[in-house]
Amino acid sequence: MGTYTYPKFPYSAPADLQADAPQRRPLIIVGAGPVGLAAAIDARLKGLPVLVFDDDDTVSIGSRAVCYAKRALEVLDRLGVGDPLCDKGVSWNVGRTFFREKEVYRFDLVPDAGHKRPGMINLQQYYLEEVMVARALELGADIRWRYKVVGVRNEPDHVSLRVDTPDGTFDIEADWLIVADGARSPIRNLLGLEIEGRIFMDRFLIADVIMKADYPAERWFWFDPPFHRNQSVLLHKQSDNVWRIDFQLGWDADPEEEKKPENVIPRLKAMLGDDRPFDLEWVSIYTFQCRRMKDFRAGRALFVGDAAHQVSPFGARGANSGFQDTDELIWKLQLVMDGKAPEALLDTYSADRTFAADENLMNSTRSTDFITPKSRVSKVFRNAVLDLAQDHAFARRLVNSGRLSVPAFLTKSALNTPDSDSFAGDMVPGAPMDDAPIQRAGQDAWLLDQLGNRFQLLVFADSAGAVDAATLAQFKSLAGDAIAVEPVVVTPSGGQIDGVTVLADSQGLVARRYDAKPGTAYLVRPDQHVAARWRAFDPPRVRAAVARATCNA
Amino acid sequence: MPLQLQPNLKEPGQRYFREFSPGDDFYEALIETHRDLSDEQSEALNARLILLLANHIGDIAVLREALALARRNV
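So the protein sequences, as listed, match chains A and B. According to numbering that gives the first Met the number 0, the residues represented by the first sequence are 0 to 552, in order. According to numbering that gives the first Met the number 0, the residues represented by the second sequence are 0 to 73, in order.
Rather than coming from a laboratory, the hints here were simulated on the basis of the structure. Note that the Cβ used here is the ideal one computed from N, Cα and C, for glycine as well. Please note that a few of the clues may not be correct.
[Claimed, not checked] A partial selection of chain B residues facing chain A, derived with a Cβ cut-off under 10 Å: (1) 0; (2) 3; (3) 5; (4) 7; (5) 10; (6) 16; (7) 22; (8) 23; (9) 26; (10) 30; (11) 34; (12) 41; (13) 42; (14) 45; (15) 68; (16) 71.
[Unchecked claim] With a straight-line Cα cutoff of 25 Å, these simulated DSS-like cross-link-like pairs (lysine-lysine) come out: (17) A/7 / A/87; (18) B/9 / A/411; (19) A/293 / A/411; (20) A/378 / B/9; (21) A/236 / A/258; (22) A/236 / A/115.
Make a model of the complete structure from these sequences and hints.
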């Protein structure tokens with residue numbers, strides 16, 4: 000019994016692409032999973048023509064990726080799909096960790112109020128993909144189902160592809176190729192590119208169970224529970240009364256045996272501890288690797304998501320970091336395709352996202368080493384931490400049942416303009432921007448919903464009237480640059496300025512989170528990261544920072 | 000000064016954006032130090048480590064408190 004009916008997307012014959020082959024397209028995306036779809040939607044939002052190939056004709060089978068983190072939701076908001084996903088998903092912020100019979104640790108992902116999105120939502124991957132496919136099509140992306148790339152060659156100014164379809168093979172060329180074809184990435188293999196890292200010697204049983212249960216929408220994690228001795232177990236709530244349960248099995252477990260319902264059901268019964276009825280929706284056994292490509296750019300091919308990097312699932316850093324890849328890639332690609340930035344800008348995509356991938360790999364590897372200790376002494380320390388955590392705050396901080404996905408602070412990015420003025424807080428150049436409640440034209444709204452897709456300059460002022468005519472003339476001039484900068488004025492009580500967006504920092508949280516005073520200016524990248532900041536608005540410095548953030552310096 | 004039981008790990012010169020990072024940095028270094036050692040070697044390493052840290056702390060009253068807490072419920 001299932002809760003979901005898989006859509007079958009219509010196949011269309013490639014006659015139009017076979018005519019006068021090879022045709023040349025500006026942008027081809029391979030892979031219509033969550034990350035490839037995010038790339039397609041983002042590219043359409045920026046006016047780029049998009050052709051997408053996927054070798055299948057439906058969404059993800061089984062729920063697979065489940066947790067979408069706050070930053071991913073903010074990206075999805077920018078792509079215009081945040082609301083339907085959050086409406087359907089299960090929001091949560093609290094995680095609880097148990098050791099044997101006792102609770103030892105509890106965390107809250109968003110301890111501060113005043114953010115539009117929760118720390119996480121849980122949602123089956125198939126729902127996410129279905130919503131994203133609809134959005135991509137609505138924006139005019141050309142998605143071809145059952146088109147399988149079987150050959151690829153990097154040329155100096157394009158990539159040539161050979162594509163297999165039920166109606167034969169054809170060749171096609173792309174000025175730029177985005178590779179989103181997943182962990183096994185056939186294109187990565189066809190290009191002979193390596194991906195290096197660690198394989199973990201452990202197996203996990205993942206079961207999606209349909210049942211009526213009144214457990215709260217929280218993440219529950221057990222170390223060595225009475226119902227599954229010496230191993231770990233994870234419980235998550237998804238939509239439609241579907242629950243995700245994840246059992247650590249150890250390396251010696253036989254995957255084929257463990258997958259059989261007669262072996263899965265007793266484990267679930269022992270865990271649930273009562274006779275409540277449940278149905279198995281999906282069962283899988285997985286192992287994982289922590290690895291990444293050395294460079295996410297290979298000539299005209301740009302790698303995103305699992306094709307470029309893979310992490311352990313503890314921390315939900317897979318799909319979430321994939322969304323952050325495309326968040327950063329597409330605006331850069333747009334500038335390069337429009338001839339407004341040199342190709343070197345795409346090398347900074349690789350530099351910044353490999354930096355972020357290393358942080359994700361480090362955190363997920365640390366979680367894995369804590370959850371599945373590799374030696375006796377490692378397990379002794381792990382259990383000592385869990386024992387001490389029951390009484391002592393310092394040890395609770397060390398408990399690591401998964402450091403859940405948060406975006407990297409791109410502090411090493413070559414695109415940042417280093418601070419010349421002094422600021423408190425975390426909104427340093429390279430920081431993913433904090434959200435805050437604001438008002439716009441008297442309506443409650445959110446800061447991040449006002450930002451993105453273009454360069455913007457947040458200028459803080461005492462009042463709208465305090466922005467003088469000379470400043471307004473400078474605003475106009477910046478907005479007319481080849482790489483336009485849109486001014487956004489933030490005041491405590493809002494106000495009106497002709498031709499300029501004015502936001503009211505009605506709760507003072509923007510000023511607090513950004514350590515802003517009247518005169519403070521933040522240059523915001525199209526992916527909602529801080530590019531530069533100053534205590535005073537100075538157009539030449541803004542222009543220099545835009546040039547630096549686009550490799551035009 | 001009583002035994003510090005609140006999170007207290009940090010590295011001079013390091014900027015942390017996440018509260019779990021300094022503790023995780025330490026824990027990783029601790030486990031890494033034991034890499035490829037036999038159980039017996041690990042035990043010896045732990046003994047040396049405790050002696051080194053005890054001398055660094057210096058205050059025997061603090062050490063007695065830690066000794067008592069560590070002994071509890073073992």
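Holds or violated: residue 9 of chain B and residue 411 of chain A, Cα atoms, limit 25 Å. Within the cut-off at roughly 21 Å; holds.
Let me know if the C-beta of residue 68 of chain B comes in closer than 10 Å to any C-beta of chain A, holds or violated. 8 Å, holds
Assess, step by step, whether the Cα of residue 293 of chain A is no farther than 25 Å from the Cα of residue 411 of chain A, and give holds or violated. Satisfied, since the Cα-Cα distance of roughly 17 Å is no more than 25 Å.
Double-check residue 34 of chain B for me: the hint is only fine if its C-beta lies closer than 10 Å to a C-beta in chain A. Residue 34 of chain B check passes; min Cβ-Cβ to chain A is 8 Å, inside 10 Å.
For the hint on residue 42 of chain B, does the least C-beta distance to chain A fall short of 10 Å? Cβ of residue 42 of chain B sits 8 Å from chain A, so the hint holds.
Given residue 71 of chain B as an interface hint, is its Cβ closer than 10 Å to any Cβ of chain A? Holds. Min distance 9 Å.
Should the interface hint for residue 26 of chain B be scored as holding, given a Cβ-Cβ cut-off of 10 Å against chain A? With a closest approach of 6 Å, the residue 26 of chain B hint holds.
Can you verify the interface hint for residue 16 of chain B: is its Cβ closer than 10 Å to any Cβ in chain A? 5 Å, holds
Is the interface hint satisfied for residue 45 of chain B? The criterion is a beta-carbon contact with chain A at less than 10 Å. 7 Å, holds
Can you verify the interface hint for residue 23 of chain B: is its Cβ closer than 10 Å to any Cβ in chain A? For residue 23 of chain B, the interface hint holds, since the closest Cβ of chain A sits about 5 Å away, which is under 10 Å.
Holds or violated: are the alpha carbons of residue 236 of chain A and residue 258 of chain A at most 25 Å from each other? Roughly 21 Å separates the two Cα atoms, so the pair holds.
Do the numbers back the hint for residue 41 of chain B, that is, is its least Cβ distance to chain A under 10 Å? 4 Å, holds
Hints 1 and 5 from the earlier list are contradicted by this structure; the remaining hints agree with it.
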